[in-house]
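> Starting from the given sequences, assemble the full structure and let the hints guide the process.
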Amino acid sequence: MIDYKYQVGGSLTVNAPSYVRRQADYLLYESLKQGEFCYILNSRQMGKSSLLASTKHRLEQEGFKCSTIDMSIIGTSHITPIQWYKSVVGDLWLGFNLLNKINLKSWWCEQEDISLLERLRWFIEELLQLHFPDKQLFIFIDEIDSILSLDFSVDDFFALIRFCYNQRAINPEYKRITFAIFGVATPLDLIQDKRHTPFNIGKPIEIQGFNLQETIPLTKGLEGKVVNPKLILKEILVWTGGQPFLTQKLCQIVANGQYKDRDKSLINNSKLFIASLVRSHIINNWEFQDEPEHLRTISLRLLENEQTAGRLLGFYQQFLMGEEVIIYDIREKNELILSGLVIISQGKIKVKNKIYEAIFNLDWVALKLENLRPYSQNIKKWLASNQQDKSQLLKGIVLKEAVAWSENKKLSNIDYRFLATSQQLDKEEVEINLNAEKAELEKAQFTLLAAKEANQILNQARKAAKLNAVLHFGKPCIVSFAIGITSFIILLRFIGLLQGMEWNMFDSFLQQQPQEGIDSRVVVITIDEPDLQKIGQYPIPDNILVKALNKLKTYQPKVIGLDLYRDLPVEPGYQELVELFKATPNLIGIDKVVGTKVAPPRVLAQLSQVGFSDQVLDGDGKVRRALLTVRSSQTLAKPSPKNQLRQSLGLQLALQYLKTVGITPHPHPQNRHHIQLGKALIIPLQPFDGGYVWADTGGYQILLNYHGTEQNFQSFSITDLLQERIPKEKIQNHVVLIGATAESINDLFQTPYNNRLFGSSKQMAGVFIHANITSQILTVALQGRGMLQTWSKIWESLWILLWSGIGTLIAWRLKSPRQLMFIVTSTGLGLIVFCYLAFLQGWWIPIIPPLLGLILAPIILPIFATKQLEKIQLQQTLKLLLAVAKEQPAAGKIAIEYFKQAEGKENQQLIDKILQQNNYELF
Numbered sequence: 001m002i003d004y005k006y007q008v009g010g011s012l013t014v015n016a017p018s019y020v021r022r023q024a025d026y027l028l029y030e031s032l033k034q035g036e037f038c039y040i041l042n043s044r045q046m047g048k049s050s051l052l053a054s055t056k057h058r059l060e061q062e063g064f065k066c067s068t069i070d071m072s073i074i075g076t077s078h079i080t081p082i083q084w085y086k087s088v089v090g091d092l093w094l095g096f097n098l099l100n101k102i103n104l105k106s107w108w109c110e111q112e113d114i115s116l117l118e119r120l121r122w123f124i125e126e127l128l129q130l131h132f133p134d135k136q137l138f139i140f141i142d143e144i145d146s147i148l149s150l151d152f153s154v155d156d157f158f159a160l161i162r163f164c165y166n167q168r169a170i171n172p173e174y175k176r177i178t179f180a181i182f183g184v185a186t187p188l189d190l191i192q193d194k195r196h197t198p199f200n201i202g203k204p205i206e207i208q209g210f211n212l213q214e215t216i217p218l219t220k221g222l223e224g225k226v227v228n229p230k231l232i233l234k235e236i237l238v239w240t241g242g243q244p245f246l247t248q249k250l251c252q253i254v255a256n257g258q259y260k261d262r263d264k265s266l267i268n269n270s271k272l273f274i275a276s277l278v279r280s281h282i283i284n285n286w287e288f289q290d291e292p293e294h295l296r297t298i299s300l301r302l303l304e305n306e307q308t309a310g311r312l313l314g315f316y317q318q319f320l321m322g323e324e325v326i327i328y329d330i331r332e333k334n335e336l337i338l339s340g341l342v343i344i345s346q347g348k349i350k351v352k353n354k355i356y357e358a359i360f361n362l363d364w365v366a367l368k369l370e371n372l373r374p375y376s377q378n379i380k381k382w383l384a385s386n387q388q389d390k391s392q393l394l395k396g397i398v399l400k401e402a403v404a405w406s407e408n409k410k411l412s413n414i415d416y417r418f419l420a421t422s423q424q425l426d427k428e429e430v431e432i433n434l435n436a437e438k439a440e441l442e443k444a445q446f447t448l449l450a451a452k453e454a455n456q457i458l459n460q461a462r463k464a465a466k467l468n469a470v471l472h473f474g475k476p477c478i479v480s481f482a483i484g485i486t487s488f489i490i491l492l493r494f495i496g497l498l499q500g501m502e503w504n505m506f507d508s509f510l511q512q513q514p515q516e517g518i519d520s521r522v523v524v525i526t527i528d529e530p531d532l533q534k535i536g537q538y539p540i541p542d543n544i545l546v547k548a549l550n551k552l553k554t555y556q557p558k559v560i561g562l563d564l565y566r567d568l569p570v571e572p573g574y575q576e577l578v579e580l581f582k583a584t585p586n587l588i589g590i591d592k593v594v595g596t597k598v599a600p601p602r603v604l605a606q607l608s609q610v611g612f613s614d615q616v617l618d619g620d621g622k623v624r625r626a627l628l629t630v631r632s633s634q635t636l637a638k639p640s641p642k643n644q645l646r647q648s649l650g651l652q653l654a655l656q657y658l659k660t661v662g663i664t665p666h667p668h669p670q671n672r673h674h675i676q677l678g679k680a681l682i683i684p685l686q687p688f689d690g691g692y693v694w695a696d697t698g699g700y701q702i703l704l705n706y707h708g709t710e711q712n713f714q715s716f717s718i719t720d721l722l723q724e725r726i727p728k729e730k731i732q733n734h735v736v737l738i739g740a741t742a743e744s745i746n747d748l749f750q751t752p753y754n755n756r757l758f759g760s761s762k763q764m765a766g767v768f769i770h771a772n773i774t775s776q777i778l779t780v781a782l783q784g785r786g787m788l789q790t791w792s793k794i795w796e797s798l799w800i801l802l803w804s805g806i807g808t809l810i811a812w813r814l815k816s817p818r819q820l821m822f823i824v825t826s827t828g829l830g831l832i833v834f835c836y837l838a839f840l841q842g843w844w845i846p847i848i849p850p851l852l853g854l855i856l857a858p859i860i861l862p863i864f865a866t867k868q869l870e871k872i873q874l875q876q877t878l879k880l881l882l883a884v885a886k887e888q889p890a891a892g893k894i895a896i897e898y899f900k901q902a903e904g905k906e907n908q909q910l911i912d913k914i915l916q917q918n919n920y921e922l923f
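Note that our numbering numbers the sequence shown so that position 219 is 219, with each residue one more than the last.
Keep in mind the hints are simulated off the structure, nothing from the lab.
Possibly wrong hints are sitting among the right ones.
To be verified - Label-pair ranges, simulated between beta-carbon atoms:
#1 722 x 802: 56 to 66 Å
#2 569 x 617: 25 to 35 Å
#3 63 x 291: 35 to 45 Å
#4 813 x 436: 50 to 60 Å
Ideal Cβ placement from N, Cα and C applies to all residues, glycine included.
Take a look at the structure:
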């Protein structure tokens with residue numbers, strides 16, 4: 001048994017059992033054999049390609065030579081005329097099987113001196129005379145509508161086809177070549193020049209839908225599937241109107257049994273069965289069931305051109321509404337037909353089949369028009385009112401936008417009628433408004449004469465009030481403004497918005513202060529990456545540390561600070577290290593007492609030779625403060641009294657050094673939190689000192705006035721110490737710190753020297769921060785300088801007020817923007833220089849708040865002054881008008897009314913309030 005298959009979409013094979021021969025098959029075959037140029041131009045999915053394949057096969061079976069040119073394969077995007085013509089010649093070369101007879105590449109190059117059209121003509125001549133001198137040639141050109149997307153004209157190509165037919169009278173050889181064109185277009189679309197068109201000498205082949213007699217072969221696929229295949233097929237044609245794609249699709253659905261139980265129950269009633277099948281498998285949710293695509297192709301064809309979509313839908317809508325539709329533009333008529341939705345039957349438009357009627361109905365048209373028209377809701381309601389509801393017509397800007405949208409578009413007659421009616425109504429309303437304006441103008445002219453005196457009064461009052469307002473706006477307002485700016489800036493500072501900028505200025509000042517050279521009192525023994533490579537491990541073994549400390553003791557330093565955690569033994573050598581700790585009274589070890597705690601060496605803790613190594617980090621991660629002491633309940637190594645006062649490593653080293661020169665700390669008599677140490681008084685940092693806001697100042701903290709970076713201290717590696725390469729005078733009677741600087745140990749901190757403009761900006765090792773703390777304390781005690789001081793909050797507030805006042809005064813005196821910008825910039829630079837010089841003298845004075853006051857005052861004062869002057873001027877003007885109204889009641893009232901109407905809503909309320917206070921009634 002032959003496997004019978006229906007073809008849904010695409011071309012049928014030449015031997016497909018479901019191929020339906022129609023009148024067009026016989027007409028095309030006979031016409032081509034008679035040498036006629038034929039063109040088959042119709043909507044998509046009507047069987048054109050299958051007709052081409054069938055006819056070509058029949059002719060080849062009879063010994064004729066045939067070739068096909070598929071224009072869609074040649075392409076249309078970014079293709080040049082040379083590529084296009086060469087592709088046409090290439091298709092003929094392949095189609096006529098000339099691969100072994102002609103070297104196409106060489107042949108094409110040999111014809112370079114002639115035009116592209118001539119090359120194609122010569123190739124056809126060679127086909128006729130050299131390669132097939134006694135054969136009838138047929139050239140089928142498919143998808144001809146693809147040329148409509150080309151960037152260049154191919155009218156000459158059609159002229160060549162016409163030439164081939166005209167040449168038959170001169171050269172009989174041309175009688176052996178015949179052309180057939182297939183596609184979705186019209187002759188008018190394909191070529192504009194009627195003198196060269198081949199279509200007026202060719203024969204059009206009409207493709208009609210299937211009729212019942214022609215579709216008898218299709219019943220074979222339904223045999224055994226339904227009781228009466230012919231009745232089923234007849235009902236299918238009732239719904240499809242013979243449309244090939246839909247007919248094949250419905251036959252396939254029936255043959256494959258692709259229907260629901262509800263449809264099966266109707267199978268004995270062919271009419272109801274097919275109707276139910278069509279609705280469930282095609283019409284319902286058609287956009288999702290349209291596979292392969294067919295119905296969406298029709299929709300896209302109608303809607304893809306924005307310029308014509310509205311007009312085509314309009315024509316179709318009129319037809320569905322039963323109106324007589326006359327389409328004068330042949331292109332519009334052809335476009336509607338080529339969509340495949342309608343046909344022309346006996347001179348009238350008719351929907352091609354019942355399926356299209358059910359899907360592309362009035363609701364569908366209304367929805368698509370609604371998406372296209374910017375005024376869809378208005379026209380819909382206007383039509384529903386039988387074109388009587390004028391409130392739905394467009395007016396003003398909306399009408400102008402709609403008219404602009406309609407330009408270069410072909411709309412339906414209904415659209416044009418709606419727009420024209422809207423324009424007429426808009427014109428009438430404009431005329432009415434003009435007449436009303438004319439009447440108002442006459443009234444205004446009459447009123448103007450009566451109010452002339454009132455205007456003069458008002459103008460005089462305004463001039464006098466303007467002068468009085470300037471006199472009233474003086475020192476009190478400027479002082480109030482400066483205080484307001486100051487309060488605003490203090491609020492910004494209080495909530496911490498300026499703290500980060502103050503820190504940055506502190507860092508900049510610290511970086512730019514003159515360097516004092518190397519502090520020879522403090523020496524650092526570093527453990528860097530090369531040292532670790534030589535030692536071979538970290539923490540370094542106790543025996544290596546014992547060796548280093550013994551070497552160091554021979555240099556006779558005043559005090560040694562060991563900035564290494566040694567809470568656990570690091571064998572070998574632990575016992576020797578314990579004995580060394582006991583025998584070295586000037587050695588200070590470290591522990592960590594804040595946050596995660598780290599115990600000190602037990603022996604040093606018992607000997608009270610321990611200082612903590614904790615650092616205080618600001619919100620941006622930098623160390624700007626030194627934590628000198630903190631109270632802790634106990635260490636991890638040794639119980640101690642509650643709230644024991646612990647000292648930092650840097651402080652311990654400095655105090656032991658100072659003790660050797662007879663300097664010890666003492667509380668100040670007037671304030672026990674202030675410590676007298678040598679020549680200086682050490683004052684603890686408070687939460688709001690300097691640029692800080694709500695700083696955590698727990699323990700005893702001071703501002704860290706860095707002596708400098710690593711380059712400002714004498715340093716040697718532990719390898720230098722072990723190999724005795726350090727001169728004795730570099731260490732003798734000095735403070736010596738031993739600590740890790742290797743990056744792999746990660747004992748590194750951000751400092752004000754990070755992100756500096758010049759020089760190194762790397763992080764600083766903790767041992768150098770301890771060195772800076774020790775150096776600062778020594779400088780403070782021995783030289784009486786080095787402590788950074790800050791002002792009290794009152795002085796800082798007055799400082800901000802001063803600069804806000806300066807900015808206000810500058811803005812009040814200077815009116816030129818250039819002068820104002822120059823003076824403010826110069827004054828701001830002076831402020832920065834002053835603060836920098838004060839910093840060099842040990843004072844950290846706020847700079848960002850006063851600078852902000854200096855800048856904000858000139859910006860805000862003009863706005864503030866304008867508002868105040870307007871308010872004062874308004875009050876003065878009204879005061880003068882009230883005085884005039886007592887002497888000239890009528891003119892005064894009019895002047896006050898004019899004055900009120902000229903003001904904004906807020907000022908009008910103020911005017912009413914003043915009038916009520918004066919018991920004055922306007923009207």
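> Now tell me if each hint is right for this structure.
Taking the hints in turn, this is what the structure says about them:
| no. | hint | verdict |
| --- | --- | --- |
| 1 | 722 x 802: 56 to 66 Å | holds, 60 Å |
| 2 | 569 x 617: 25 to 35 Å | holds, 31 Å |
| 3 | 63 x 291: 35 to 45 Å | holds, 41 Å |
| 4 | 813 x 436: 50 to 60 Å | holds, 53 Å |
Checked against the numbered hints given earlier, this structure breaks none of them.
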